[in-house]
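Participant: One-letter residues, chain by chain:
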Amino acid sequence: LAKTTQPISMDSYEGQEVNITCSHNNIATNDYITWYQQFPSQGPRFIIQGYKTKVTNEVASLFIPADRKSSTLSLPRVSLSDTAVYYCLGGRRSQGNLIFGKGTKLSVKP
Amino acid sequence: EPEVTQTPSHQVTQMGQEVILRCVPISNHLYFYWYRQILGQKVEFLVSFYNNEISEKSEIFDDQFSVERPDGSNFTLKIRSTKLEDSAMYFCASSGLAGGTYEQYFGPGTRLTVT
Numbered sequence: 333l334a335k336t337t338q339p340i341s342m343d344s345y346e347g348q349e350v351n352i353t354c355s356h357n358n359i360a361t362n363d364y365i366t367w368y369q370q371f372p373s374q375g376p377r378f379i380i381q382g383y384k385t386k387v388t389n390e391v392a393s394l395f396i397p398a399d400r401k402s403s404t405l406s407l408p409r410v411s412l413s414d415t416a417v418y419y420c421l422g423g424r425r426s427q428g429n430l431i432f433g434k435g436t437k438l439s440v441k442p
Numbered sequence: 025e026p027e028v029t030q031t032p033s034h035q036v037t038q039m040g041q042e043v044i045l046r047c048v049p050i051s052n053h054l055y056f057y058w059y060r061q062i063l064g065q066k067v068e069f070l071v072s073f074y075n076n077e078i079s080e081k082s083e084i085f086d087d088q089f090s091v092e093r094p095d096g097s098n099f100t101l102k103i104r105s106t107k108l109e110d111s112a113m114y115f116c117a118s119s120g121l122a123g124g125t126y127e128q129y130f131g132p133g134t135r136l137t138v139t
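These protein sequences, in sequence, are chains Y and U. For the first sequence, this note's numbering gives the first residue as 333, with consecutive numbering after it. For the second sequence, this note's numbering gives the first residue as 25, with consecutive numbering after it.
If you're looking for bench data, these hints aren't it; they were derived computationally from the structure. Please note that a few of the clues may not be correct.
Covered stretches of chain U (chain Y as the covering partner; in silico rule of three or more C-beta atoms under 8 Å from a C-beta of chain Y) [unchecked claim]: (1) 88-98; (2) 102-108; (3) 126-137.
Residues of chain Y clear of chain U, computed beta-carbon distances all greater than 12 Å [claimed, not checked]: (4) Asp343; (5) Tyr345; (6) Gly347; (7) Glu349; (8) Asn351; (9) Thr353; (10) Asn357; (11) Phe378; (12) Gln381; (13) Ser393; (14) Asp399; (15) Lys401; (16) Ser402; (17) Thr404; (18) Gly423; (19) Gly435.
This structure is a prediction, so every number in the text was calculated from the model and none was measured. C-beta: ideal position from N, C-alpha, C; glycine also.
The following block holds chain U by itself, in its conformation from the complex:
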């Protein structure tokens, strides 16, 4: 069964540093998402991406965040200057069709620890 993969599984960084989280969505999917989950809290939507541009973003996704699809397979989330409160599990997801009613496939996540 095809799956979404994410690297690294765990990233430790110092406050103020830039991090890039990487994802390889399912190959024939067209819609890509990033979510985050702070420990013990609910999963929160960050951004959706389609046709090489952001289609929707939440209030969390401020100027410190950016997304990119640099080639035909990778989808990245960059945090420019990390803060302690960015520590969370970051999940990438993809879907073949648009809309919350369509199944989104989630990756295993990257645990980001900001010290």
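Excised from the complex, chain Y in its bound form:
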């Protein structure tokens, strides 16, 4: 199970690009990296998942370098509504449960 480390908090302003980096030095060959978002008093919501290189969807991009020891979630042009906690998770396909850390609390200011 990949242990992940990410900053506790980050501040940004509306319209900026935000990059949240996650370290996972002991990631295993079969581990995927998944990011979830959680707003206050709501359940987590899947954002994006990747194995290596770059993955992009309508919400975010995920960059995973060749050594896979880290990954970066990129949120383009954030708005106030992107204020949330972002979790980086590592896991294998056979693993049923999600192991959440403390996440990164992103605060977007006007």
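Mind docking chain U on chain Y? Use the hints.
Facilitator: Frame of chain Y; chain U shown alone:
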């Protein structure tokens, strides 16, 4: 977009009472989960359920907890004798496929307050 629903949104109970938290997973999903989040802390896995049986559970999920899928749509979490430390937000989740690499869809949660 299909979503996971949970009832009630808030449950207040006295210590020692039994509570049942209810969830309706997304209709074609096969894997169901319960997580909890104590206020200000991280989301913790409790149990996963597939094919009418528990597939995985955490240390938190002791004999006081049980899960059931009583019909084709509901998925319930029962706490037999609540303790003060059971106060938390309880999230149900479901996924179409097994494994942490597959997207899990979370419900809005039930806030359980034990007094």
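Participant: Starting from the hint list further up, note which numbers the structure goes against and sort them upward.
Facilitator: As far as the earlier hints go, 1, 2, 11, 12, 18, 19 are violated by this structure, in ascending order.
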